[in-house]
Structure formats: C-alpha cells, structure tokens
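Per the UniProt record's numbering, the sequence shown runs over residues 1 to 81.
Among the hints, erroneous ones may be present.
Think about it this way: if two alpha-carbon atoms lie no more than 20 Å apart in a straight line, the pair counts; the simulated SDA-like pairs of lysine to any residue are [what the hints assert, rightly or not]:
(1) Lys51 / Met1
(2) Lys2 / Val20
(3) Lys7 / Arg50
(4) Lys2 / Thr23
(5) Lys43 / Gly10
(6) Lys2 / Ala35
(7) Lys3 / Arg53
(8) Lys2 / Leu54
(9) Lys3 / Lys46
(10) Lys3 / Ala57
(11) Lys46 / Leu11
(12) Lys2 / Asp24
(13) Lys51 / Ala35
(14) Lys46 / Arg9
(15) Lys7 / Glu66
(16) Lys3 / Val18
(17) Lys2 / Lys51
Just so you know, the hints here were simulated from the structure itself, not pulled from any lab data.
What you are looking at is a predicted structure, and each value in this text was computed from that prediction instead of being measured.
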Amino acid sequence: MKKTITKIRGLTVNVEVVEVCQTDQNGGVLCYIAAIYVQAHGKAEKTLVRKSRLPGAAAQLRREIERDGIQAFDRITGSNR
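Given these sequences and hints, build the entire structure.
Structure (structure tokens):
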C-alpha cells in the first residue's frame with residue numbers, strides 16, 4: 001500500500017490531498033482513494049471537503065487550482081462566495 005500526501009498552499013487556506021493506493025503483484029490497481037482536506041491558516045483543524053476514487057485526483061486538483069485560483073476551490077467545496 002502506498003500513501004501520498006500533496007499539500008497545496010494558498011493565500012488564505014491550505015489544501016491537503018491524501019491518496020492511498022494498493023496494487024497487486026502485477027501493478028494493477030486494487031484500491032485507490034483520495035481525501036481532500038482544507039485547513040485555514042493559523043488553525044489546527046482540517047475539514048474534509050471531498051473524497052475521490054479516481055486515480056490522479058491530486059494532480060488534477062493542483063492543475064485546476066494553478067489555472068483557476070480560488071474559483072477552482074469554490075467548485076470543490078460547492079460554496080458560492
């Protein structure tokens with residue numbers, strides 16, 4: 001089992017994506033899950049905003065945030081600011 005943590009630092013919040021992937025002996029994916037957490041600057045608690053079973057969720061999220069900035073984050077959390 002492989003666990004990867006991707007941290008994306010923002011101006012007001014940090015986004016953390018925890019990916020867990022388990023493969024068989026031939027390299028086939030048996031299980032994949034990504035949990036996306038948001039942590040406000042200066043706070044200790046993290047809030048789970050979404051889970052994904054699609055491989056590559058962290059890379060896709062990073063690209064969207066780099067391209068769209070805060071608007072990508074609004075789509076992830078479902079908030080309307």
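Evaluated hints:
1. Distance check on the hinted pair: Lys51 and Met1 sit about 18 Å apart at the alpha-carbon level, within 20 Å; holds.
2. Between Lys2 and Val20, the direct Cα distance comes to roughly 6 Å. Compliance with the 20 Å bound is thereby established for this hinted pair.
3. Restraint check: the Cα-Cα separation between Lys7 and Arg50 comes to about 15 Å, which is no more than 20 Å; the hinted pair holds.
4. Proposed proximity of Lys2 and Thr23 is supported: the alpha carbons are some 9 Å apart, at most 20 Å.
5. The suggested pairing of Lys43 with Gly10 holds, with an alpha-carbon distance near 14 Å, which does not exceed 20 Å.
6. At roughly 14 Å between alpha-carbon atoms, Lys2 and Ala35 fall within 20 Å of each other, so this suggested pair holds.
7. Among the hinted pairs, Lys3 with Arg53 is consistent with the structure: their alpha-carbon atoms are about 14 Å apart, no more than 20 Å.
8. A distance of roughly 15 Å separates the Cα atoms of Lys2 and Leu54; the hinted pair therefore holds under the 20 Å criterion.
9. Restraint check for Lys3 and Lys46: the C-alpha separation of about 18 Å stays at or below 20 Å, so the hint holds.
10. A threshold of 20 Å between alpha carbons decides the hint, and for Lys3 with Ala57 the separation of about 13 Å falls inside it, so the pair holds.
11. Pair hint Lys46 plus Leu11 holds up; C-alpha atoms about 16 Å apart against a cutoff of 20 Å.
12. This hinted pair checks out: Lys2 and Asp24 have alpha carbons roughly 12 Å apart, not beyond 20 Å.
13. A distance of roughly 4 Å separates the Cα atoms of Lys51 and Ala35; the hinted pair therefore holds under the 20 Å criterion.
14. For a cut-off of 20 Å, the pair hint linking Lys46 to Arg9 stands: about 14 Å separates their Cα positions.
15. For the proposed pair Lys7 and Glu66, the alpha carbon gap of about 13 Å is at most 20 Å, so the pair holds.
16. For the suggested pair Lys3 and Val18, the alpha carbons sit about 7 Å apart, so the restraint of at most 20 Å is met.
17. For the given pair, Lys2 sits about 17 Å from Lys51 by alpha-carbon distance, which is consistent with the 20 Å threshold.
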